[in-house]
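Sequence lines, in order, name chains E and B. Residues 1018 to 1414 in the working numbering are what the first sequence lists, from first letter to last. Residues 8 to 86 in the working numbering are what the second sequence lists, from first letter to last.
In short, the hints are calculated from the structure, not lab data. From a predicted model like this one, the values you see are computed outputs, not experimental measurements. For each residue, glycine too, the CB sits at the ideal point set by N, CA and C. Take the hints with a grain of salt, since some may be wrong.
[Stated by the list, open to error] EDC-like mimics (lysine to aspartate or glutamate), calculated; alpha carbons at most 20 Å apart, straight line:
#1 B:K38 <-> E:D1252
#2 E:K1070 <-> E:E1250
#3 B:K36 <-> E:E1250
[Stated by the list, open to error] Interface residues of chain E toward chain B, partial, derived using beta-carbon atoms under 8 Å:
#4 I1145
#5 Q1149
#6 S1153
#7 P1170
#8 P1211
#9 E1213
#10 I1249
#11 E1250
#12 Y1285
#13 A1307
#14 T1310
#15 A1333
#16 G1337
#17 G1355
#18 P1365
#19 M1369
[Stated by the list, open to error] Residues from chain E that face chain B, not an exhaustive set, calculated with beta carbons under 7 Å:
#20 M1018
#21 P1207
#22 S1356
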Amino acid sequence: MAKKNLLIIGSGDGGTILANSIDKSMYNVTLIDKSDKHVFQPQYLYIAFQGSKDTMVRDEKSLLKKGVTFVKKEVSRIDLNERKVYTTKGKPHSYDKLVVATGVTSDISMIPGMQEINSKYGDYHTNIAQAQKVWSNLNSFKGGTIVIGQSYPICKCPPSPLEGIFLAEELMHRKGLRKKTKFVFFTPYPRAYPAEGINEVIEPLLKERGIEVMPFFNIDRIDPAKKTIYSIEGDSVKYDLPIIVPPPKGMNIEYNPDSVRNDDRLVYVDKFNLKIKGFDDAFAIGDGAAVPTAKSGVDAHLEAKTVARILEGKDAKFNGRTNCPFDTGYGRGTFVIGSYDEKVIKYPVTHMNLFMKHMMAKIYWESLKGEFDSVFDIYFKETEPSRLEKKYGTGKE
Amino acid sequence: MANENRKIVDSRGTACPGPITDLSLAYRKSKVGDVIELWATDPGVKSDTKAWAEKTGNKIESVTEDKEKIVIVIRIVRR
Ligand SMILES: Cc1cc2nc3c(=O)[nH]c(=O)nc-3n(C[C@H](O)[C@H](O)[C@H](O)COP(=O)(O)OP(=O)(O)OC[C@H]3O[C@@H](n4cnc5c(N)ncnc54)[C@H](O)[C@@H]3O)c2cc1C
Chain E
1018 MAKKNLLIIG SGDGGTILAN SIDKSMYNVT LIDKSDKHVF QPQYLYIAFQ GSKDTMVRDE
1078 KSLLKKGVTF VKKEVSRIDL NERKVYTTKG KPHSYDKLVV ATGVTSDISM IPGMQEINSK
1138 YGDYHTNIAQ AQKVWSNLNS FKGGTIVIGQ SYPICKCPPS PLEGIFLAEE LMHRKGLRKK
1198 TKFVFFTPYP RAYPAEGINE VIEPLLKERG IEVMPFFNID RIDPAKKTIY SIEGDSVKYD
1258 LPIIVPPPKG MNIEYNPDSV RNDDRLVYVD KFNLKIKGFD DAFAIGDGAA VPTAKSGVDA
1318 HLEAKTVARI LEGKDAKFNG RTNCPFDTGY GRGTFVIGSY DEKVIKYPVT HMNLFMKHMM
1378 AKIYWESLKG EFDSVFDIYF KETEPSRLEK KYGTGKE
Chain B
8 MANENRKIVD SRGTACPGPI TDLSLAYRKS KVGDVIELWA TDPGVKSDTK AWAEKTGNKI
68 ESVTEDKEKI VIVIRIVRR
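Bound-form chain E, shown alone (with noise of 0.2 Å):
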């Protein structure tokens, strides 16, 4: 049989995964994406609040198998009814089936005063020099009023927020600044956590820091002069340093139709198949895709797999699965783990958890060249939800 043209769209975390697993016998694969250079965005975390020099970035070259063609090329267009990729520039791209995996961006228009604050604080949801920002302020900050939270409902990395503000927390206090510095993490949630099972186990936490908790909190507008955050419930926060997490968007790509996205610009599609509305032979998969779960790179790692199998003309089905690491500061951590019909566990706060944090970022560049498949297939079926749920629960209802 003739080998079908498979191309994919963003080298990220989905698209280098999908393009490494896909049976090379029976696709051509070209990866498309406007950078050459890969980023581990997960590290932001760990360069804005823990000063890391360790950017983690390496070349996608480096990290394709064999038999994956890259091209380093803007995408401005996708025509699904003609099967045609345009670029900003050269000719476009023909397909037999694609796959949108073009992440989200952050866009600080939405809320007015935002572009003041993130250029004067920078935030660490966008890229490196932005993280680097938040870590000067944090470094030459001497006391006040720290606020940090979520300008949206939709947030990449879920537990990210308060990762920031446990860490935010333990610094101070590393540095001898605790008692002159008040804590304030808002949310649009009404709790810290919106999963009421790692709610439980973060509550307690929050309590003992001194971390103070404005659930029901989605911002309507900052007020850079008088240095005040207000939410449209009506509430307000006066901060001195502000971390706040910018609202996503899918990329600003032209469809054909534009019926394929929603207003946030993520692309619709089968929460099971991945498939893009309407269509049989294109997929979405990643932070870009309208999948209700988590936004975090375990996601699109077990979409691509999905995709990859089914592309492949196997059996597959998403379930939704979630495992996303959250480091709860002081050297330890949980995950946040669940799926579309099983409830989030009540995973405990161990520092074990922590470290299997740090040891999936470490092996994250061999593991998107499915060096260690095996390994995380038992994994997944060692963490199930249905499996845990035995043993740790969910919380209360």
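Here the structure of chain E is known, so what remains is to put chain B with the ligand in place on it, guided by the hints.
Okay, now just chain B with the ligand, sitting in the frame of chain E:
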């Protein structure tokens, strides 16, 4: 009502962070007078929506439940 702006938010079978994300998002994008019909399977949505309505001063018009889903109808009266 003929020209009522009713939005169905289908949050059935969603993984973490779950239906409260969808409600919060729909609220952000709503105007006074809008009606949000939230569909969910996670029973936690009932107490969360109640707490949300108390906090924001919005109105829960009905909560109905069958084997397939929980439907909560919310009228936005404050934004
Ligand atoms: C602070 C922080 C901590 C995190 N911690 C964790 C963690 O502990 N565990 C975890 O699993 N996940 C974590 N994540 C989330 C994880 O990084 C993302 O979910 C993951 O990178 C998503 O993968 P993706 O392939 O969908 O998108 P990305 O990895 O963002 O890749 C998208 C790619 O598409 C390319 N692209 C975009 N537009 C175009 C275009 N028009 N033309 C061509 N190319 C384009 C981009 O250049 C990029 O290379 C964290 C994220 C942050 C910010």
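Item to check | Hints not upheld, ascending by number | outcome: Violated: hints 2, 4, 5, 6, 12, 13, 15, 18, 19 and 20.
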